[in-house]
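Going by numbering that gives the first Met the number 0, the first residue of the sequence shown is number 0, and it counts up by one from there.
Treat the hints with care, as some may be off.
[Said to hold, decoys possible] Here are the simulated PhoX-like pairs of lysine-lysine, each with C-alpha atoms no more than 25 Å apart in a straight line:
no.	residue 1	residue 2
1	Lys14	Lys116
2	Lys50	Lys116
3	Lys94	Lys25
4	Lys85	Lys117
5	Lys123	Lys50
6	Lys114	Lys85
7	Lys99	Lys18
8	Lys41	Lys117
9	Lys114	Lys99
10	Lys60	Lys25
11	Lys41	Lys114
12	Lys85	Lys17
13	Lys1	Lys99
14	Lys99	Lys17
15	Lys17	Lys57
16	Lys94	Lys41
17	Lys1	Lys14
18	Lys85	Lys60
19	Lys25	Lys99
20	Lys116	Lys10
21	Lys60	Lys14
22	Lys117	Lys18
23	Lys57	Lys41
24	Lys10	Lys117
25	Lys94	Lys18
26	Lys116	Lys85
27	Lys114	Lys50
28	Lys50	Lys14
29	Lys57	Lys116
30	Lys1	Lys50
31	Lys114	Lys10
32	Lys1	Lys85
33	Lys41	Lys1
34	Lys117	Lys57
35	Lys99	Lys117
36	Lys85	Lys99
Just so you know, these hints were derived from the structure itself, not from any lab.
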Amino acid sequence: MKNFQHEWCAKILEKLDKKPTSGPFKNPVPLDNNPRYNEIVKFPMNLEQVKLSLQNDKYHKIMEFAADVRLIWYNAMCYYPQDDPKYIIAMDLSKWFENKLQNYPQNVNERWMMKFKKLHARIKNLLNNPIPSMPSIDYQPPEIPQKKDSTEKTEETPKEPAK
Numbered sequence: 000m001k002n003f004q005h006e007w008c009a010k011i012l013e014k015l016d017k018k019p020t021s022g023p024f025k026n027p028v029p030l031d032n033n034p035r036y037n038e039i040v041k042f043p044m045n046l047e048q049v050k051l052s053l054q055n056d057k058y059h060k061i062m063e064f065a066a067d068v069r070l071i072w073y074n075a076m077c078y079y080p081q082d083d084p085k086y087i088i089a090m091d092l093s094k095w096f097e098n099k100l101q102n103y104p105q106n107v108n109e110r111w112m113m114k115f116k117k118l119h120a121r122i123k124n125l126l127n128n129p130i131p132s133m134p135s136i137d138y139q140p141p142e143i144p145q146k147k148d149s150t151e152k153t154e155e156t157p158k159e160p161a162k
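Let's have the full structure, built from the sequences with the hints guiding it.
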């Protein structure tokens, strides 16, 4: 996996980790509360395990990373009933992840362009919607001295007579 791909995967995991709803998927499902879990789920997976696999360079392609993340949501939707909050959250996080995966940059230039467009949109939004509590700043740029024309003669630099 290329460096920018590895960084992208790490960023996705970081964003998932910050989501308040990701809690049930961060660590292995506790078997004391879910005794039949291993009967139903044959390949358990969690975000911490994906993170460790990424840190240990176990993924050679983005799709390997994506397969493990998808397995987390699949397991939850197989184990929990459809009206269970964990099932609903798994569906929501799955949609979020698929959206991110769909917009995955294929190379460094595309990644840079995506960052640029995102930053441009944020700046445009700030310019069009200034924060009301901010005092307005009447900024006047300093006056730039005009460059003298090279054909003008100045008294400070007398020219030597030609020999």
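message: Check whether the Cα positions of Lys17 and Lys57 lie no farther apart than 25 Å.
response: Within the cut-off at roughly 23 Å; holds.
- prompt: Is Lys94 within 25 Å of Lys18, Cα to Cα?
  reply: Holds, at about 14 Å.
- prompt: Holds or violated: are the alpha carbons of Lys60 and Lys25 at most 25 Å from each other?
  reply: It holds: about 22 Å lies between the C-alpha atoms, which stays within 25 Å.
Hinted pair Lys41 and Lys1, Cα distance within 25 Å: The hint is violated at about 31 Å.
field: Hinted pair Lys114 and Lys85, Cα distance within 25 Å
entry: violated, 32 Å
message: For Lys85 and Lys99, compute the direct alpha-carbon distance and say whether it is at most 25 Å.
response: holds, 21 Å
message: Next pair to validate is Lys99 with Lys117; report whether the Cα-Cα distance is within 25 Å.
response: holds, 14 Å
- prompt: CA of Lys94 to CA of Lys41, is that 25 Å or under?
  reply: Between Lys94 and Lys41 the Cα gap is close to 23 Å, so the pair holds against 25 Å.
task: Could you grab the alpha-carbon distance between Lys117 and Lys18 and see if it respects the 25 Å cut-off?
output: It holds: about 20 Å lies between the C-alpha atoms, which stays within 25 Å.
query: Is the Cα-Cα distance between Lys57 and Lys41 25 Å or less?
result: holds, 20 Å
message: Hint check: Lys116 vs Lys85, CA-CA at most 25 Å. Holds or violated?
response: Cα-Cα ~34 Å, so violated.
25 Å Cα cutoff - pair Lys123, Lys50: Cα-Cα ~35 Å, so violated.
This entry does not satisfy hints 2, 4, 5, 6, 8, 11, 18, 26, 29, 32, 33, 34, going by the numbered hints stated previously.
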